[in-house]
Each structure stands twice: as C-alpha cells, then as structure tokens.
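*Asks:* Using the sequences plus the hints, can you model the full thing?
Below, each chain spelled out in residue letters.
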Amino acid sequence: MHGRPRKSSSDGGSQEKDMAKAAGLQSLQTQFFKNHHEKIYTKEALQLNAKLLEINPDIYTAWNYRKLAIKQLLESESESASIKQSLDEELRVVERALKRNLTSYGAWHHRKWVINMGYSSLDHEFQLLDQLLKADSRNFNAWNYRRFVADMKKSRDEDELKFTTKKINENFSNYSAWHNRSAILSHMLKNKYGGISAKEQEMTEEYELVRQALFTDTEDQSGWFYHLWLLGQKIAPIGPKLEMSWPCNGSQLVIDFNEQSHAYVSDFDTPFGTDHCMFSEGIPLVLHFSEPVKGVNASTVSVNSLLLQSESLVWRPISPHGLQAKTWVTLLKLPSTNFRAGETYTVQIRVADTLGIILLNGYNFACPTALNFSLDIHTMTIRSTGGNFETVPLAWEGENFSPLAIDENKFPIELHLGNLSIDGSENQENTRWQQETLDREIKVCRELLEIEMDSKWAKLTLARLLIGQDMLSDGSILRSKRKHTDEVLQLFNDLIEIDPSHAEYYKDQFSLILLDKVSSGKQNLQEYFWDSKGTGSLSNGERNKWLRLHGLSLSRLGCLDQLLWVQRLDISHNRLRSIDGLEALQLLGCLNLSHNLLANFTALGPLRQIKTLRALNIADNKIGAHTVNSTRFSFPSALNNSSISNADTTRDADEEILEISWEITIAFKGLHLRQLDIAGNPANDEKCRRLLMKTLPSLKWLDGTSVN
Amino acid sequence: MGELEIEKHTQFIMSVEKKKDFDSMVMEHLRMSGAYWGLTTLDLMGKLDAVNREEVVSWVLQCQHDCGGFSGNVGHDPHILYTLSAIQILALLDKLDTIDADKISAYIVGLQQEDGSFAGDEWGEIDTRFSYCAVCCLSILHRLDKIDVGKAISYVASCKNFDGGFGCTPGGESHAGQIFCCVSAFAISGALTHVDRDLLGWWLCERQVKSGGLNGRPEKLADVCYSWWVLSSLTIIERVHWIDKEKLKTFILDCQDKEHGGISDRPDDAVDVFHTFFGIAGLSLLEYPGLKPIDPAYALPVHVVDRLFFGQPH
Numbered sequence: 001m002h003g004r005p006r007k008s009s010s011d012g013g014s015q016e017k018d019m020a021k022a023a024g025l026q027s028l029q030t031q032f033f034k035n036h037h038e039k040i041y042t043k044e045a046l047q048l049n050a051k052l053l054e055i056n057p058d059i060y061t062a063w064n065y066r067k068l069a070i071k072q073l074l075e076s077e078s079e080s081a082s083i084k085q086s087l088d089e090e091l092r093v094v095e096r097a098l099k100r101n102l103t104s105y106g107a108w109h110h111r112k113w114v115i116n117m118g119y120s121s122l123d124h125e126f127q128l129l130d131q132l133l134k135a136d137s138r139n140f141n142a143w144n145y146r147r148f149v150a151d152m153k154k155s156r157d158e159d160e161l162k163f164t165t166k167k168i169n170e171n172f173s174n175y176s177a178w179h180n181r182s183a184i185l186s187h188m189l190k191n192k193y194g195g196i197s198a199k200e201q202e203m204t205e206e207y208e209l210v211r212q213a214l215f216t217d218t219e220d221q222s223g224w225f226y227h228l229w230l231l232g233q234k235i236a237p238i239g240p241k242l243e244m245s246w247p248c249n250g251s252q253l254v255i256d257f258n259e260q261s262h263a264y265v266s267d268f269d270t271p272f273g274t275d276h277c278m279f280s281e282g283i284p285l286v287l288h289f290s291e292p293v294k295g296v297n298a299s300t301v302s303v304n305s306l307l308l309q310s311e312s313l314v315w316r317p318i319s320p321h322g323l324q325a326k327t328w329v330t331l332l333k334l335p336s337t338n339f340r341a342g343e344t345y346t347v348q349i350r351v352a353d354t355l356g357i358i359l360l361n362g363y364n365f366a367c368p369t370a371l372n373f374s375l376d377i378h379t380m381t382i383r384s385t386g387g388n389f390e391t392v393p394l395a396w397e398g399e400n401f402s403p404l405a406i407d408e409n410k411f412p413i414e415l416h417l418g419n420l421s422i423d424g425s426e427n428q429e430n431t432r433w434q435q436e437t438l439d440r441e442i443k444v445c446r447e448l449l450e451i452e453m454d455s456k457w458a459k460l461t462l463a464r465l466l467i468g469q470d471m472l473s474d475g476s477i478l479r480s481k482r483k484h485t486d487e488v489l490q491l492f493n494d495l496i497e498i499d500p501s502h503a504e505y506y507k508d509q510f511s512l513i514l515l516d517k518v519s520s521g522k523q524n525l526q527e528y529f530w531d532s533k534g535t536g537s538l539s540n541g542e543r544n545k546w547l548r549l550h551g552l553s554l555s556r557l558g559c560l561d562q563l564l565w566v567q568r569l570d571i572s573h574n575r576l577r578s579i580d581g582l583e584a585l586q587l588l589g590c591l592n593l594s595h596n597l598l599a600n601f602t603a604l605g606p607l608r609q610i611k612t613l614r615a616l617n618i619a620d621n622k623i624g625a626h627t628v629n630s631t632r633f634s635f636p637s638a639l640n641n642s643s644i645s646n647a648d649t650t651r652d653a654d655e656e657i658l659e660i661s662w663e664i665t666i667a668f669k670g671l672h673l674r675q676l677d678i679a680g681n682p683a684n685d686e687k688c689r690r691l692l693m694k695t696l697p698s699l700k701w702l703d704g705t706s707v708n
Numbered sequence: 001m002g003e004l005e006i007e008k009h010t011q012f013i014m015s016v017e018k019k020k021d022f023d024s025m026v027m028e029h030l031r032m033s034g035a036y037w038g039l040t041t042l043d044l045m046g047k048l049d050a051v052n053r054e055e056v057v058s059w060v061l062q063c064q065h066d067c068g069g070f071s072g073n074v075g076h077d078p079h080i081l082y083t084l085s086a087i088q089i090l091a092l093l094d095k096l097d098t099i100d101a102d103k104i105s106a107y108i109v110g111l112q113q114e115d116g117s118f119a120g121d122e123w124g125e126i127d128t129r130f131s132y133c134a135v136c137c138l139s140i141l142h143r144l145d146k147i148d149v150g151k152a153i154s155y156v157a158s159c160k161n162f163d164g165g166f167g168c169t170p171g172g173e174s175h176a177g178q179i180f181c182c183v184s185a186f187a188i189s190g191a192l193t194h195v196d197r198d199l200l201g202w203w204l205c206e207r208q209v210k211s212g213g214l215n216g217r218p219e220k221l222a223d224v225c226y227s228w229w230v231l232s233s234l235t236i237i238e239r240v241h242w243i244d245k246e247k248l249k250t251f252i253l254d255c256q257d258k259e260h261g262g263i264s265d266r267p268d269d270a271v272d273v274f275h276t277f278f279g280i281a282g283l284s285l286l287e288y289p290g291l292k293p294i295d296p297a298y299a300l301p302v303h304v305v306d307r308l309f310f311g312q313p314h
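These protein sequence lines map, in sequence, to chains A and B. With the working numbering, letter number 346 in the first sequence gets 346, and the count goes up by one each step, no holes. With the working numbering, letter number 190 in the second sequence gets 190, and the count goes up by one each step, no holes.
Please note that a few of the clues may not be correct.
Unchecked claim - DMTMM-like mimics (lysine to aspartate or glutamate), calculated; alpha carbons at most 20 Å apart, straight line:
1) A/7 - B/269
2) A/456 - B/198
3) B/258 - B/7
4) B/220 - A/170
5) B/210 - A/499
6) A/112 - A/130
7) A/294 - B/196
8) A/166 - A/208
9) B/20 - A/38
10) A/39 - B/114
11) B/210 - A/219
12) B/245 - A/497
13) B/146 - B/114
14) A/7 - B/268
15) A/456 - A/219
16) A/99 - B/23
17) A/533 - A/397
18) A/21 - A/54
19) A/99 - A/136
20) A/7 - B/257
21) A/43 - A/77
22) A/545 - A/397
23) A/112 - B/122
24) B/20 - A/16
25) A/112 - A/123
26) A/51 - A/38
Calculated from the structure, these hints are not laboratory results. Since the model is a prediction, treat every value here as computed from it, not as a measurement.
*Replies:* This is the structure in structure tokens:
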C-alpha cells in the first residue's frame, strides 16, 4: 500500500502477468482456508501455508493456523529435541516472511510467540536483530522485539545502552536509537534513584553525546528532541510545587459578616490595592499547583484556626475531568457566633504535610508547604455591594474605563508565595548544577548560531533555555524581573520568519512570554489596571477595578497562577481560540472575551467551573463559523463517557434539537449568569437565543436587552 | 492541484470491491476495514446512497463469529481490529440493532489483560492500537463500563515517551498512528489529562515537512495517511493551528489520481482505498468545502456520532 508507483492503464502485458499471479494466490488461499477450517495440519498443509505467508505475510489467519498446528504438536510430542526442531522451522518461516515485509506485525508476533516457549536460542535472535536493524535501523517492530528478547535474556540495561550508543555513532540521525536510549536511561535512573532526579555524572555523558550530534548537523532534529528531554530531566520546572493560593500568604481579609443573610463581604489586598467581594456560602480557599495532582483532601491539607469549626473541609478539583487538577478549592464557613468582632484570627494551612497528594505519573507530591493569612471579622447589618444587575447591564466598551490610579503610599501587595517549603526541599546543590547546565547549554546554542545563523532548532532551544534560566533565578521568593524577555521575544519573532509553517506555534509561545512579562512584578502589571466608571449595576455606582489585557494579540493564556485574585477580567480583542486554564480564577465575576477566535460553545467549558461568574461577553467571536470542533473532547459529555453530564444532555420532548444544543448545555448549564452578550457570532440566531435563555434561568440581560 | 475530484473518488471506491488483481487480493484479509474506509469516505462526500446497505450489512454479519468478534473477511479468524471496523460500519449505516451488543462486549472484555492492556485476539499480541479498538467500540455500544477503564487508561499512559508521544507498547517509539490511538482512547474515556498537550502538540506539528505533507515520525517521508493520524490528534488536543493548513491541503490534493480516482500515499504513487479515506478525512478536518465534518476520535462522521450520543435529530 505504500511507495508503489502509479501504473498507467495501458500496460497490457504486465496486466496479464498480474492476473496470473492473482490467480495463483487465490488458489493457495482457497486451499489454505480449507485446511484451516478442517483442522488439517499435515506436513504438506503446513508447507502450503508457509508458501502463502511468503507471498503475503499479512494474512493473520495463516499465522493463527501455524500456532494451532504447534499446539497440536505439543499435545502429542514431549521430546524436547523434536519440539525444538519444529519451532526452529517456525522461526525460519518467520524469517522468510520478514524478508518479504519487515513490518509484518503477524510475522513478528509469531516469532515472539515461538520464542516465548523457551526452546530457542536468544543469542541467535540478537544476531538476527543486528542484521535486520542494519538493513533498516528505524524499524520499530525490530526495536520492540529487541526489547522483548533483552528482557527475556535479562540483559543488563548497560549493555542495551551500549547498543544504542553504537547505533547513534553509526548515524546521529537515528531517532529510534535516541528514543530507545531515553527509555533505557529512564529505567536505569528509576532503579538507581527511585525515578525522580538523575545525577550529574550520567547526564554529562549524555550532553556530550548530543553535542556531537548537534555540531555534526545542526538541522538534524533527532539530537534536538533528545536534548530537550535531557533539559526537562533537570531544569524547569523545579519540581512540582504549590505555585499560588488565594487568599495569598501573609494577606489579611477584613470581613463584614451579615448575620441575617449569612453573606460575607470581604475586603482584601490585591495588586490593585484593596478590593472587595461578596461571598454567599463561605470564603473560598484556592490552592494552585504547578501540575495536576489528585488526593487533596482534609488529611493531606490541614487548615487550622481558632475560628473554624472542627468539621472536615471538602476540597473540589477544578478540572474538566474528575480527580486530577492544578486548582483545588474549598469553602471556609465561618461560625456565626464564637468570635470576637474586631479581633484578628490567623488561619494556618499546611499542604502535603502527610503523604497522599499524587502527581499524574503516580509519584508523590513531595513539597510540603506552609502558608497563612488572617481574618478580621465584623458583623454588619447592611452593606450594599456588587449587585444583582437590576437596573442596567454592564457596559463593556473601552470608553467606560479609565486607568486606575494606584496610591503608591498604600504599597499594594506584591504577589508571592514566599519561601514556604517546610523542610527546605530547595536543594542548594541541585540549583547550582542546574545553573551550570543552563549556562553551558546556552553557550552551546550561541556557538551553533555563530556557525549556522538561521538554525531554527538552535534558536528555539536557546529561547527555551533563556526562559528556563529566568525561571530558575525566580527561586522561591519574589517573582523577580526577567532578564531575558526581550531576547526571547526577538528569538520567537525570528522563528516566525525562518519557519513560517509553524508561525502559530511561535505566536502561542510569544503570548506566554508576554503574559509572563506582564505579570512579573507589580510595575509591569499596573499598566493594565483600569477603573470602570461605575456604570452597570454590578458596581452600584462604585468604581470597579478591572484587569484589562485586551488588544495584545494573545493567542494563548498563561501565568494564570498570578491572577487568582482577579474578579473582573477583560481579554477582548485578542486571538484566543481557547481559554484553557481560566478555571483557576475562582473569584471571577465579569469576563470580557469579545473579539476573539472562539469557535464553539464548548470552548467555554472552563467557565462552568467558575461558580462566581455573573457577566460574560463572547460577542464577535467565531462561534458557528467552523465545521470542526476541536474542544469536543475537552469537557465532560456523553461523547467521553462522563456520567455526570449524561443527565445534563437529555432533552425534553418538546425541545428543539439544534446541532449545537449539547454544546450550549455543556458550556452553560449550572452557571448563574445574569448577563450574556453573544451578538456577532454566526451561531447567534433565534433558536440559539431561546435555548440559551432556557439553559440560563437566572439570565437578566441578553445582548443588552432585558430578557423578561 | 486544485479541486477534490469527488465524482472520480466515488467511482474509484465503488470499483474497489470488484477488483481481482493481485494487489487487491493481497488485502482481502482486511476487507472489513477496507469497507469501513470506503463507506465512511462515501458518506463524507455525501455519496453513501450509491451503496446497497442491506448487502453490506448482510456481509458484515457473515463475518461475525460465535465468540462475538468479527473477522476481516468471510472465513478468516476474528480479531479486535475488524470488530471495531464492523461496529463502525453498522453505526454509519444506523444498523446497530442487527447485532447483540452484549455478546460483542463480552468478546472485547475477554481480551483485556491483567495490566489493563488489550490483546488483538486469542493469540495474545498486545498493542495500544487494540486499546483504542476496545475503548472506541465499547463506547459506540454504550458499554465502556464493562472493561476496567482505569487500568486500560493507565496501561496506555505507561506507553508515554520522552517526546510526549506514544508507542505500541511501553518503551515503543512514538509513531503518529499509535499516538492517534492513544490520544483517542484518552479522549473517549475522558482522560485527556494524561496528554502533555504542548509537548506532544509540538512534536506532532513538527511532522509537517517542506512539501507541506506530514510524516509519521522524524526523518521519514510525508504520507497522506498521516494527514489523518497527526491531524486528528492535533484536533483533539486543540493544537491544529500549529501546522500550516493550506500547505497540507495542497499536498493532499496533489496526491489524487485525477484520471482514475483515488488518493495515494504521495504524489504519483499507486492509489488505494486506505489513503483515499485518510486523505478525504484529513481534508474534512481541514474544513475543505463540501465535505461533512468527521469526529476526530471516533473517526466517523459527526452526524453519526452525535446521533449515537445525543439522540436523533428531528
């Protein structure tokens, strides 16, 4: 099926030959199937079968037949030598078949099946593999088979590693050899060190080997992929850790507690200055990890305060699917009595003090962290705050905003988690070695770029290394000013020019760097602080503080761990196709996503996890403009067997079925939106609007018009 | 270059089953998959009516064995690959009521191993392709809960490699075909968290070579079938914008045999129904006008999948 030239139809002579060949094959097949169905395993029958397999080694039934024949033989024959002879014949049949088609799964599996019986020479297998891998060094069936034989022989990892060295030295461009090397090395390191980190010695050898490859041919990708993996083994991220929390460490919440309504109005410090929010059920406590974890619960996270009742807190993972999430939330319900108004109570949190938080790869999250914040509680009778949108909808347009003046004297807080690890798991030795490696590899890339100025691989790797170096110097204290941002941004701009096919990939990376720059340091972020002029009833006449990252050509969101405190976010006029990660913003009340590239309602999936969301603007996107939905599997639905939402998508008998009705349900059901703007999307027609209003019973404003 | 020759491709597909030449004979053992490729392509082009559905269904059912599994053709042995193809065909033709779903589920359940992996048949070959077949097939039959999904997923996850990709078995080299199987298995089971979307997405987008076509792994030639394996994986993990779609469209269109119909692995090679399907499925994912949308994980037209999971449209 692959790599055969197109024949012209006028080639009559060869057509005759072909038909003769076909007839021959047909007759062999007919005879074989007769033998198979009648369970005839004579010598002649087996020879016929072998002939068939030599012509077409992909007839899987023919291999099954041979196994049945062997099984029958084993039932009657017990003499070892005789069995071995028959099995050797099987191996010869396989070899002939492999010579016809080196990638025949049936042939390889038959060989494995025979070898598994334990009668055959494993050394001979290695010899055969040497031959075959010489003929085609990228044949993954052969490499898989080699792994199988090595396992059976109980070969040492070191010997198998040597074999990959040999193949790499024969040809640096042998991706299969590099891959197998990575697998063997991982296995060796796991056995030696329990899998987490490698030691200097082993890695230095690896870097040297790769360096030879890179200097031999800068544009050969195999070495670069391996290089990236080596860097990942040791560099950034600096191990999984708790990245951020809300309330953040060291902050103070001043809470007005309404005894009648049991609502809490909380003033708290943010990079804006003081902001406030109303919580109706309890104070949310948000933990944001650097990678998805599971097992966050009352035993693995202890929350202690004189103020809290003793009942266990229930932690919720904020993720589209079940158990693993980067963001976890719980609600602190404060007691209605037993506190002294005006007193300050500390809340101490210890994360991962006990084992139980697990990473995706099954290992323990081993970074115990302590943080605390304080609560200052007052009771109050009435205090009006953010409202219910009774009178007028929120105005989204730019003219309603003015830059927020920051009172420098008030020193709004710098967001940081602080040096929190309990057992000082920051290993000084580790950090030094990481720094050295980064410095050295940056030098290598710069050298390569002097030789090969437009090497895409060198530039991309250099960019990644510089980012890594910046993150490393971040340490665990204040998020320090990035040194390399401008050079990195320039590198990505270069890459867009050198490698235009992958422009969107580089633009996404560019967006991430830009967001990192924006959020690193309060001075940078302040540029994006705005005041809304108090229109819209959310504000009740007050000025509201918005973070506005509009018009930055962002195609990707990132650094959301720095924005957990944000309640009003404007990321309109960008190039966002996805809002993946936005679910981390558990205090979000107003979100402007207008003028982006969102193509389906399902792209709004993350919003379903934000219970506080009240006003949403998705006008002027591309919803309904595309036939392909690439967020189809990203959120729970019947399509991916998520039992929760199976109930969600059942319909009433009288409900109109729209092609997109299940998408609307996934995106919006359960949200308490009061305001929605969707004009300017191709999908926005009468039927769609009706379904939206049905799915969102609390909706008051649709595209600026009152719903009732 | 230019246009997709829908009429020619329709004629080509309809002619395939009548062929008696050597190359066609050599593929007889996988006729069930061939039928799935041909029929789905016809539907994507809006030409499924050209087919006699009863004849197809009757032939498919002839390939079912007592154990519940389906074979690649009449008289051949049952295998999980052809069981999936059979179910996909019946779903496409809306004839799932002709089979005993519990029986087929039991066959698949019987193939799950202790470590969560799946054998292809009673002879025990293990491959993540079979994990995909099991998960996809059972999901279509609404019986995914019959297997140990947790173990099935953790086995697939154990096949993750240094580059973010997946191979046939743990330690096996990343290959776009295997990646499609693993990513789709995760997608269908709601387990996409196991995929490092940025790392894998980048490896996948680097499959695009200068000609605009996609290869299956580094340093290999571009091939139209990877327009499906790579593209569908990228779509599922929301990274399809990382390749140059226009260049890929052009490459696929260049692989057509405009005279006789059909699409080949690369320009001017011999055509076959396998590459015709993957080329047209790829064009569908690239939103080529006039083609029905295809579901990237189930590899069936979206209207078929939506009907299966969200009920009949009015």
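*Asks:* Please go over all the hints and tell whether each is borne out by the structure.
*Replies:* A quick look at each hint next to the structure:
Our distance criterion of 20 Å between C-alpha atoms is met by residue 7 of chain A and residue 269 of chain B, whose separation comes to about 8 Å. Taken as a hint, the residue 456 of chain A and residue 198 of chain B pair is honoured in the structure, with Cα atoms around 18 Å apart against an allowance of 20 Å. Proximity of residue 258 of chain B to residue 7 of chain B is assessed by CA-CA distance (about 10 Å); at most 20 Å being required, the pair is judged to hold. Distance hint between residue 220 of chain B and residue 170 of chain A is fulfilled; the C-alpha atoms sit about 18 Å from each other, no more than 20 Å.
Annotation: proposed proximity of residue 210 of chain B to residue 499 of chain A holds, straight-line Cα distance about 10 Å (limit 20 Å). With a C-alpha separation of about 17 Å, the suggested pairing of residue 112 of chain A with residue 130 of chain A holds against the 20 Å cut-off. For the proposed pair residue 294 of chain A and residue 196 of chain B, the alpha carbon gap of about 17 Å is at most 20 Å, so the pair holds. The suggested pairing of residue 166 of chain A with residue 208 of chain A holds, with an alpha-carbon distance near 15 Å, which does not exceed 20 Å.
The suggested pairing of residue 20 of chain B with residue 38 of chain A is violated, with an alpha-carbon distance near 26 Å, which exceeds 20 Å. Our distance criterion of 20 Å between C-alpha atoms is broken by residue 39 of chain A and residue 114 of chain B, whose separation comes to about 31 Å. Distance check on the hinted pair: residue 210 of chain B and residue 219 of chain A sit about 13 Å apart at the alpha-carbon level, within 20 Å; holds. At roughly 17 Å between alpha-carbon atoms, residue 245 of chain B and residue 497 of chain A fall within 20 Å of each other, so this suggested pair holds.
Simply put, residue 146 of chain B and residue 114 of chain B have alpha-carbon atoms about 15 Å apart, close enough for the 20 Å limit, and the pair holds. Of the supplied pair hints, the one linking residue 7 of chain A and residue 268 of chain B holds, its CA atoms being roughly 9 Å apart against a limit of 20 Å. The suggested pairing of residue 456 of chain A with residue 219 of chain A holds, with an alpha-carbon distance near 8 Å, which does not exceed 20 Å. Under the criterion of a C-alpha separation no larger than 20 Å, the hint pairing residue 99 of chain A with residue 23 of chain B is consistent with the structure, at around 18 Å.
At most 20 Å may separate the alpha-carbon atoms for a hinted pair to count; residue 533 of chain A and residue 397 of chain A meet this at roughly 11 Å. Taking the CA atoms of residue 21 of chain A and residue 54 of chain A, the gap is near 14 Å; set against the 20 Å cutoff, the hint holds. Under the criterion of a C-alpha separation no larger than 20 Å, the hint pairing residue 99 of chain A with residue 136 of chain A is consistent with the structure, at around 11 Å. A distance of roughly 11 Å separates the Cα atoms of residue 7 of chain A and residue 257 of chain B; the hinted pair therefore holds under the 20 Å criterion.
Of the pairs offered as hints, the one joining residue 43 of chain A and residue 77 of chain A holds, with about 15 Å between alpha carbons and a cut-off of 20 Å not exceeded. Proposed proximity of residue 545 of chain A and residue 397 of chain A is supported: the alpha carbons are some 15 Å apart, at most 20 Å. Between residue 112 of chain A and residue 122 of chain B the CA atoms are separated by roughly 15 Å; this keeps the pair inside 20 Å, and the hint holds. This hinted pair checks out: residue 20 of chain B and residue 16 of chain A have alpha carbons roughly 12 Å apart, not beyond 20 Å.
Annotation: proposed proximity of residue 112 of chain A to residue 123 of chain A holds, straight-line Cα distance about 14 Å (limit 20 Å). Proposed proximity of residue 51 of chain A and residue 38 of chain A is supported: the alpha carbons are some 19 Å apart, at most 20 Å.
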